[in-house]
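Going line by line, the protein sequences match chains Y and D.
Heads up, the numbering used here is the position in the first sequence plus 1, with the first residue counted as 1.
Heads up, the numbering used here is the position in the second sequence plus 1, with the first residue counted as 1.
Read the hints as simulated data drawn from the structure, not as lab findings.
Since the structure is predicted, the reported quantities are computational estimates derived from the model, not experimental observations.
For every residue, glycine included, the Cβ atom is placed at its ideal position computed from N, Cα and C.
Take the hints with a grain of salt, since some may be wrong.
[Unchecked claim] Okay, derived cross-link-like pairs now, EDC-like style, lysine to aspartate or glutamate, Cα gap no bigger than 20 Å in a straight line: (1) D:Lys323 to D:Glu182; (2) D:Lys117 to D:Glu48; (3) D:Lys272 to D:Asp260; (4) D:Lys44 to D:Glu225; (5) D:Lys272 to Y:Glu320; (6) Y:Lys272 to D:Glu46; (7) Y:Lys272 to D:Glu48; (8) D:Lys230 to D:Glu48; (9) D:Lys272 to Y:Glu48; (10) Y:Lys323 to Y:Glu182; (11) D:Lys282 to D:Glu318; (12) D:Lys44 to D:Glu27; (13) Y:Lys272 to D:Glu106; (14) D:Lys163 to D:Glu27; (15) Y:Lys308 to Y:Glu320.
[Claimed, not checked] Beyond 12 Å from chain D on every Cβ pair, some chain Y residues (computed): (16) Lys16; (17) Arg75; (18) Pro120; (19) Thr154; (20) Glu164; (21) Arg180; (22) Glu182; (23) Glu189; (24) Glu193; (25) Pro212; (26) Arg229; (27) Lys230; (28) Glu234; (29) Lys272; (30) Glu324; (31) Leu393.
Here's the letter readout for the chains.
There are 2 protein chains.
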Amino acid sequence: MSSRRVGIIGAAYSKFGDRQDVNLAELTWEAFREALQEASIDKDEIEFTVVSNVGAWSSEPLPAVVVSEAMGLRPKGSVRVEAACASGSAAVKLAHDIIAAGQAEVATAIGVEKMKESPTPLVVEFIGRAGNYMWEFENFGLTFPGYYALYATAYMAKYGVKEEDLCEVAVKNHYYAARNERAQFRNEINVERCMRSPYIAWPLKLYDCSPITDGAAAVILASEDYIRKHGREATWILGIGSATGTSNMSKRQDFTSLDASVVATRSAYSKAGIDPGNPVKSIDVAEVHDCFTIAEILAYEDLGFAKRGEGLKLLKEGETYKEGSIPVNLSGGLKAKGHPIGATGQSMIAELHHQLLGKVGGERQADIRRGVALAHNVGGTGHYAYVTVLSLHKEVEA
Amino acid sequence: MSSRRVGIIGAAYSKFGDRQDVNLAELTWEAFREALQEASIDKDEIEFTVVSNVGAWSSEPLPAVVVSEAMGLRPKGSVRVEAACASGSAAVKLAHDIIAAGQAEVATAIGVEKMKESPTPLVVEFIGRAGNYMWEFENFGLTFPGYYALYATAYMAKYGVKEEDLCEVAVKNHYYAARNERAQFRNEINVERCMRSPYIAWPLKLYDCSPITDGAAAVILASEDYIRKHGREATWILGIGSATGTSNMSKRQDFTSLDASVVATRSAYSKAGIDPGNPVKSIDVAEVHDCFTIAEILAYEDLGFAKRGEGLKLLKEGETYKEGSIPVNLSGGLKAKGHPIGATGQSMIAELHHQLLGKVGGERQADIRRGVALAHNVGGTGHYAYVTVLSLHKEVEA
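Extracted from the complex, chain Y is given alone in its bound form (with noise of 0.2 Å):
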């Protein structure tokens, strides 16, 4: 239905972890001017920028002109955008949407957050807060971790799972973000390490949860009559899916998935013409959203990786490290990455562009043979979700 195609011509995030060297604005630049050189373009082409901040713990109430100014980016237009830890994704749905919709040739989504300026138990209320703040916050006093432990519980009983078995996805996640040198934590760990750590939300340890992060990402799209005239490396969008979930949930009826991921992994796999029957055969890497180890695990059967309770089997087997048949995460995830909310989801598209691209190089390159990408992007506690399949060709392989 989409009129228009549109590609991926540059993209790039910083380094993620503790960025109180840097300000909002010099943080921003980073990500961007790599990206900008990556496409080779003059930014004076770039005609609409968006900015996605969830921003609460920064003391820049209006960032889209803040980021506009300092990239070099105005007079074009602009605007935030926020959908919880999706925010990224959304950018980069809207940005898709405003080329293909023939109001830009090219136009860029730029994501940042600085979420170390504020105390950190500030960070947790205002996270906890988000959803329905009265039901759930004021009412009962669930923190994020909280909320992902009440999944975790669910999934153990219904499935018998144990501890030790969400340990294993910070075990994958942690080796990969080793290797990355942007990545928010570079050390290696093992089950028994993660097993040590304190609780934060039993079962939910230190090492099952993703941490607070400064960085900033950035993705530049633009039409296909841009990216031929001009001859540009590409990746192609060959669709977006988006839903949105209950503010409370309390209101969900199965914590053992994610509705808002169900419902946007089946629009994009239509847009893209992905078998949602069978998305392995088609798909050579992900990066899924693991702000807990458990959400991982939900992720691979929400996506239709695996079947229902056996996305512990998948990762077990090694299909989710760089030689199985589904590498997830290689980038370290938002596990150990990082997780700087407005900017992941630019930060998984960027490594997935460059997944496709050939450009991660080293221990993280993934085997790429039918060339394309999946990125899944969740707000809240599933608020949002966010799923975007990117290729090197324009259409899926039968």
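Got chain Y; can you put chain D on it based on the hints?
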């Protein structure tokens, strides 16, 4: 360049004012219910929801999911957008582009703001921090009336205008608000009363300033295919221009014009086929961003309704009253209808949609001859500008 035409099939805004009688969802429903009824669609037909909300003063950190769920729009995708006081127009632009891109046949832009939830001094402080907080707010202690007072003094000095002249804007807009049952202030005033009101930031007095407002507004958009197939009454979006200013007012060259308004206007006129040399001959009625009285005068000139320095003359000659050549803010404007930041843009566009269709009626109904209307929505002190041109026809008449 736009590949698919998009029209508005339903639009509405709630009663504006102090709305502590309803919560965020209830306030939104007041507007959305009416827009749905006018559109005469089932809400399940809406494929994407763009929510505009600044919300720093509200207790809901994820308004898009709360609004989507309460309006019955989940599990369809949603996102929140923010461009300060232009957020509502930005939401309409993105909903338009999503449809023009072929990603939806029907989408909605919903704006809501509950500014009365927080104490007034905190709201004033938050708004004052907008832009680049460190330079102007922290260093100079400027709040929003102070920023616009700089425009007023520059304009007064350059063109020999007096405080009494600015009050004329308030007199006109209160006149129409007194006739708009959804307006926050339904009292007429005169220049004397305006002149007697207390100074907020010289030369701006209480009656030169728009109020703090709770309110919601919704615009439902559809593709031309959908509108034809279902035989819906619609107004068409001929063009939307947007632009970004500097984050600091201190970096602006000229305080008698907003750069972002000029750039956004040029783009909107170009897309809509309106002669920038004489736009008044094509446009029947406009809503412009009168957050302060001086802002309406700047808007007349930035939009090309009057030559530089002649904005007040246009007003004083009655040309922006209903009987004049270019009626402006027959709703009462931000000044007297009210200014719930995230909903203002949709409320302008809803008002103009009904003006074009002759549905406003009574003493506020403009004479529609060319079938074209314009909404001008500024964010911050000129940080963002969005200009939207609507029409009964798919092209401007030559």
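Hints and how they fare:
no. : hint                 : in the structure
1   : D:Lys323 to D:Glu182 : holds (17 Å)
2   : D:Lys117 to D:Glu48  : violated (31 Å)
3   : D:Lys272 to D:Asp260 : holds (19 Å)
4   : D:Lys44 to D:Glu225  : holds (18 Å)
5   : D:Lys272 to Y:Glu320 : violated (51 Å)
6   : Y:Lys272 to D:Glu46  : holds (18 Å)
7   : Y:Lys272 to D:Glu48  : holds (14 Å)
8   : D:Lys230 to D:Glu48  : holds (17 Å)
9   : D:Lys272 to Y:Glu48  : holds (14 Å)
10  : Y:Lys323 to Y:Glu182 : holds (17 Å)
11  : D:Lys282 to D:Glu318 : holds (17 Å)
12  : D:Lys44 to D:Glu27   : holds (17 Å)
13  : Y:Lys272 to D:Glu106 : holds (15 Å)
14  : D:Lys163 to D:Glu27  : violated (43 Å)
15  : Y:Lys308 to Y:Glu320 : holds (14 Å)
16  : Lys16                : holds (24 Å)
17  : Arg75                : violated (4 Å)
18  : Pro120               : holds (17 Å)
19  : Thr154               : holds (23 Å)
20  : Glu164               : holds (30 Å)
21  : Arg180               : holds (33 Å)
22  : Glu182               : holds (31 Å)
23  : Glu189               : holds (35 Å)
24  : Glu193               : holds (37 Å)
25  : Pro212               : holds (20 Å)
26  : Arg229               : holds (16 Å)
27  : Lys230               : holds (15 Å)
28  : Glu234               : holds (23 Å)
29  : Lys272               : violated (9 Å)
30  : Glu324               : holds (35 Å)
31  : Leu393               : holds (22 Å)
Of the hints listed earlier, those the structure fails to meet are numbers 2, 5, 14, 17 and 29, in rising order.
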